[in-house]
Amino acid sequence: MTEEMMLQGCLDNLATAQEALYNRFSPRMLGVCYRYARNREDAEDMLQEGFMKVYAQIHQFRNTGALEGWIRKIIVHTCINILKKNKKFSDSVDLIHASAVQLNENNIPSMLQAKQVVECIRLLPMGYRTVLNLYAIEGFSHKEIGSILDIEESTSRSQYTRARGLLEEILLKKRILQKPRESVRMVSGTK
Amino acid sequence: MERRFDMTNFEQSLKDHADQFFIVPSRKVWHGIYNDLHPGSKWPSMAMGLIFLFTLIGIGHLNNTPKQTVSLAPTEKTESEVSVKNEVASAKLTPGITNEKKKNQTQVSAGSTVDNVNPNTRVAIENSINELSSKHSSIVTEKATVNNFKKENKIKNVISGNESSYSGERKMLSNNVSIENNPVDVSGAFKKEFYNPDAVKNKMAANNINKDYTASIIENKILLPEIFFFNNDLLATPVPLINNLKEQNETFIKNNESTKTQQNTTTRTRKKKNGKVNWFYYITPTITSVYFTGKAIQKTPSSNFSTIVILPNQPGNNMIYNARLGLETGTEMVYSFAKLWSFTTGAHVSYSGYNIISNQVHPTFASLIFKNESGATYSKSYITHYGNGQGQNQISLKNYNLQLSVPVGLQYVLWGNKNLQINLGSTIEPSFVLKSNAFLLSSDGRNYVNDPELMRKINVSGNFGSYVTFSSNKLKWKVGPSVRYQVLSTYKNIYPVKEHLIDYGIRIGISK
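Chain order of the listed sequences is A and B.
Going by the working numbering, the first sequence opens with residue 1397, and the numbers climb by one from there.
Going by the working numbering, the second sequence opens with residue 31, and the numbers climb by one from there.
Read the hints as simulated data drawn from the structure, not as lab findings.
Be a bit skeptical, because a hint or two may be false.
Stretches of chain A that chain B covers, calculated by requiring three or more beta carbons in the stretch to come under 8 Å of a beta carbon on chain B [claimed, not checked]:
id, stretch
1, 1406 to 1419
2, 1510 to 1520
For each label pair, taking beta carbons as the anchor points, the in silico distance ranges come out as [unchecked claim]:
id, chain 1, residue 1, chain 2, residue 2, range
3, B, I452, A, L1410, 28 to 36 Å
4, A, S1554, B, N352, 54 to 62 Å
5, A, Q1453, B, Q390, 50 to 58 Å
6, A, M1448, B, S426, 26 to 34 Å
7, A, G1461, B, P393, 24 to 32 Å
8, A, G1561, B, R476, 42 to 50 Å
9, A, S1550, B, P393, 35 to 43 Å
10, B, K45, A, M1448, 40 to 48 Å
11, A, E1400, B, R476, 31 to 39 Å
12, A, Q1453, B, K45, 35 to 43 Å
Simulated pairs of lysine-lysine, DSSO-like, Cα-Cα distance not exceeding 27 Å [unchecked claim]:
id, chain 1, residue 1, chain 2, residue 2
13, A, K1570, B, K45
14, B, K428, B, K528
15, A, K1469, B, K58
16, A, K1469, B, K45
17, B, K401, A, K1481
18, B, K45, A, K1480
19, B, K45, A, K1539
20, B, K504, B, K401
21, B, K504, B, K306
22, A, K1480, B, K58
23, B, K325, B, K428
24, B, K306, A, K1569
25, A, K1449, B, K45
26, A, K1449, B, K58
27, B, K58, A, K1511
28, B, K542, B, K401
29, B, K504, B, K542
30, B, K369, B, K506
31, A, K1511, B, K45
Even glycine gets a Cβ: it sits at the ideal position worked out from N, Cα and C.
Whenever a hint applies, use it, and build me the whole structure from the sequences.
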């Protein structure tokens, strides 16, 4: 089924087209949700809510961009909204709160590298992880992140800096990260 | 694609890796979305559930409703007995009403009818009615004993102190017998005109009741407080004379013994006739096996979809699966229409399935090839993370069916007597699949995919069993092995592989 047929079917509220759309994009979108969620169950809840919004707003889609990108935006915003509903998340965007994190890299499963990287991201505290996801992966600016998460732009920047440092540390320990020698010295110097 | 992180472009590297990552969501996510998008599709299953629930309630109600006895004809009948009895026989008593309730109802009714009566008599009437109403309600119970009957004989004393004739006694005895065996509508209003002595006289005369009684009633100016009518029918007697008639009552009792015995016999006979229908509630623990027919269609290496090959081996041979425990429970009606043959029907719910041994793999694409009605083949791709065979990440996939069935069939008595029988039974069971899940082997035989759309909603099964039926105390048991074979494939016809579930079980049924 082509993308146009799927879109038209979804506009006509046809279950087959809706399922085709879901089957095509749900695995990747669940991967997105998984980076934001605490566990797989939460990620699936986010995915479900996100796709409900996709179907509800499908008539707003203009063929100017990729359908996947449009769906992804909705899914990311849904994830953020769900996280924001949780009080613990609001607390976790506080810098001081997140600085003293204990890493247990033994939790990282030894699977393919993409999964390893995602699992490493998931080891970060919620606040760090969210800012990192939004900035480095989704491509939002710090200003946008500030408005999305209701935090200062500067907070977003500092969160990201710390998140990145922490992630590098994890990636190095897992030997996923390949970096120049001087950079290694710099990282070890900061420690 | 294994690619090391490049620190010089951390964000891009992170994005590349994160974008490659995907997870296949469980089917419940789609079901949740689907149910939200199309809420109307819930109704068929809810409707079926409600129908099943009401069926069970109805069956239970029918099975637990007390049987009403019918009027009995005494062996020796005089002309007057017949006439009085015929009148009383039309009276109805509601059996479900409690004594207390009946008493209250009677009091209310009586209160509305005795306004024009002599005050002294009125008190007597009220007392008598109260006493009678409580006794009548006890009369109608099937377990009324002879002792109860002795007490009730007070009612029969229509005749004032005179030595009542035997025929009169018999007449009242007949009345009593009829009362006992007929439901009486207590709520029926007592009519004023029947408290009028003239009306009573006329009524009794019309019914050919002994003239002595009538004369006595009229001459003594006794209003006969206990003479009243239920639905225009004469029922009872004056209270003041009850004590004088105790001895006569003893005679009645003796005479009545034989009649009562006869009644009981007749009642038992009737019950036995109703016993042609038996309701069994049963449960059948089962173990499910599966049998495959048909052959999978596989793409040729050139991956030209128009060219197909038939796998030489059956797909079931490639699967590693374990039998699983299931359950079947429901109700069964057995109706004997001939000496050895019975018709059976009912409703039951069955759960059966099996486990596929699979191993979890990295999400990959797998395809199934289908064949439509015109014979053309087409494929459908799926993302799956279940591989065929055993591995380090072994996982058990559950294929199951939850069905609501209405079996219709025959039962044959192979051997036995009234208390112990060996039966052979066979039914055909149209089924509605309430819920199901199945993982299908992909066309290349390497993966399992899950597609609820392929599941058949309506199916047909055949059941065969041999049962031992025996009576224990008041219960009837039915125990024996049974085999259930799913005639139609679990999947729709477009899928070339046919799956047939076979349930082996022990049926344990119970009936009152």
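Do the hints match the structure? See the list:
Interface restraint, the stretch 1406 to 1419 of chain A with chain B: holds (6 residues with C-beta to C-beta distance below 8 Å; minimum three). Residue count for the stretch 1510 to 1520 of chain A with a Cβ under 8 Å from a Cβ of chain B: 5. That meets the three needed, and the coverage hint holds. Roughly 56 Å separates the CB atoms of I452/B and L1410/A, a value that falls outside the hinted 28 to 36 Å. Against the hinted window of 54 to 62 Å, the Cβ-Cβ separation of S1554/A and N352/B comes to about 56 Å, which satisfies the hint.
The beta-carbon spacing between Q1453/A and Q390/B, approximately 35 Å, falls outside the hinted interval of 50 to 58 Å. The hint said 26 to 34 Å for the Cβ distance between M1448/A and S426/B, and at roughly 31 Å that hint holds. In this structure, G1461/A and P393/B meet the distance hint of 24 to 32 Å, their C-beta atoms being roughly 26 Å apart. In this structure the hint that G1561/A and R476/B lie 42 to 50 Å apart at CB holds, the actual value being about 43 Å.
At roughly 40 Å, the beta carbons of S1550/A and P393/B sit within the given window of 35 to 43 Å. Take K45/B and M1448/A: their Cβ atoms lie about 27 Å apart, and the range 40 to 48 Å is violated. At about 32 Å, the beta-carbon gap between E1400/A and R476/B stays in the expected band of 31 to 39 Å. Remark: the range hint 35 to 43 Å for Q1453/A to K45/B is contradicted by a beta-carbon distance near 25 Å.
Of the supplied pair hints, the one linking K1570/A and K45/B holds, its CA atoms being roughly 18 Å apart against a limit of 27 Å. Annotation: proposed proximity of K428/B to K528/B holds, straight-line Cα distance about 17 Å (limit 27 Å). A C-alpha spacing of about 23 Å is found between K1469/A and K58/B, which places the hinted pair at or below 27 Å, so the restraint holds. Among the hinted pairs, K1469/A with K45/B is consistent with the structure: their alpha-carbon atoms are about 15 Å apart, no more than 27 Å.
Restraint check for K401/B and K1481/A: not satisfied, since their Cα atoms lie roughly 49 Å apart, outside the 27 Å limit. The suggested pairing of K45/B with K1480/A holds, with an alpha-carbon distance near 23 Å, which does not exceed 27 Å. With a C-alpha separation of about 20 Å, the suggested pair K45/B and K1539/A falls inside the 27 Å cut-off, and the hint holds. Restraint check for K504/B and K401/B: the C-alpha separation of about 57 Å exceeds 27 Å, so the hint is violated.
Taken as a hint, the K504/B and K306/B pair is honoured in the structure, with Cα atoms around 16 Å apart against an allowance of 27 Å. For the proposed pair K1480/A and K58/B, the alpha carbon gap of about 25 Å is at most 27 Å, so the pair holds. Pair hint K325/B plus K428/B holds up; C-alpha atoms about 22 Å apart against a cutoff of 27 Å. A threshold of 27 Å between alpha carbons decides the hint, and for K306/B with K1569/A the separation of about 80 Å lies outside it, so the pair is violated.
Restraint check for K1449/A and K45/B: the C-alpha separation of about 25 Å stays at or below 27 Å, so the hint holds. Restraint check for K1449/A and K58/B: the C-alpha separation of about 17 Å stays at or below 27 Å, so the hint holds. For the given pair, K58/B sits about 23 Å from K1511/A by alpha-carbon distance, which is consistent with the 27 Å threshold. Taking the CA atoms of K542/B and K401/B, the gap is near 52 Å; set against the 27 Å cutoff, the hint is violated.
Between K504/B and K542/B, the direct Cα distance comes to roughly 6 Å. Compliance with the 27 Å bound is thereby established for this hinted pair. This hinted pair checks out: K369/B and K506/B have alpha carbons roughly 18 Å apart, not beyond 27 Å. As the CA atoms of K1511/A and K45/B are separated by approximately 12 Å, the hinted pair is consistent with the 27 Å bound.
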